[in-house]
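Undergrad: Turn these sequences into a full structure, and let the hints guide you.
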Amino acid sequence: MTLVGVLVGITILGVALAAQIRLLGNTIRRESELRSIIIATNLAREGIEIAFSWRVTSGWNYLKEIKNHDYCPDIVGGMLPAPCDSNKALYYLGYPNESRFKAYLYGSRPADYGYDTPAFWRTVRIENCPDSASDNECLELVSKAGWDKNDNSKNIQLTKKIYNWYVP
Amino acid sequence: MGFGKCKSFTLIELIVVMAVMGLVIGGLLVSLRQIVESENLFKKMQAVEEESRFIMDVFTQDAEYSELKGDYKAADFYKNIAFILTEKKSEIGGSGTAESSYSSSANGSKFYLKRTISGQSSPDESTALTLNNTPLASEPLFLVKELEADEAGNYFITISLTFRVDADGRNILVPIETSVVSRTFEL
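Line by line, the protein sequences are chains S and F. Residue numbering for the first sequence follows this note's numbering, starting at 1 and increasing by one per position. Residue numbering for the second sequence follows this note's numbering, starting at 1001 and increasing by one per position.
What you were told as hints is all true, and nothing was included just to trick you.
Listed below are the simulated BS3-like cross-link pairs for lysine-lysine, each with C-alpha atoms no more than 30 Å apart in a straight line: (1) S:Lys88 <-> F:Lys1145; (2) S:Lys160 <-> F:Lys1069; (3) S:Lys67 <-> S:Lys161.
Hints listed in this document are in silico derivations from the structure and should not be mistaken for laboratory results.
TA: What follows is the structure, given as structure tokens:
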């Protein structure tokens, strides 16, 4: 066996090592994605509840008026169907300096205090139910929360159909 | 064939080969160790996922379909919250017989969410269940807002938890927030 032969053998081993490192990278990335999935799923669920509250406070006809547009509401800003800015970001407010408690909340505007990391984005939308001809009977709440970039590649989408019980 | 004709490594070559080999094996072992650590972290994250799903499901059930206890009806932040496990508000007039309350217990800087079911007539007879094994980094937070213009008096209730996952000495915070509209009177 020559030195060249040994070096060739080590090179082959190196290729095998590279595969191990790639596996490591995938595992770490997958862990990070799992964390984001957990957070985004609950933010999307909250988006559904916010849209549901519009129906409770403003009624069915209001939902029909505002349908087919993306909105970026948050619970810090009063849950209103606020228009989205360009990145639709949700800022993790960390410590919004609430008088008594440390409040970990997400808001659609950067905080004046604490850290604000625009890691997540969320849109809430009201659409016609796909299997219903009239928006008098059924509407679909669509909440989408994502992370990394607002490019739809990494997001969770939840939908909920609501029905107008008072339709004649 | 004598030993004199046999070609073998020189000492320098042997050292070079051993050094390169050592680097490769060392790198491999470091990688393997990190893979094992990552796998552990991944399992911890899955535990957070399962626990948060369980907490949110049970909290959603209570907050959606039970009556928010009077002490918590002001629009405010709370460290604990309670619901009266009665029927829907359409059956108002009958008082609830049991109460579901959420509070936390602390172990140093680790916090654990606890759900207690107690009978209103005999509050001493209660059962408590700790809902998370992965500790929280801070006390759970509940935000209550009354939905205005709602004759049924429904509330928008937010639960905010921050899990603290230990990753080989460094802490990873997983802040989870979700909300529920109480549906004591479903439209």
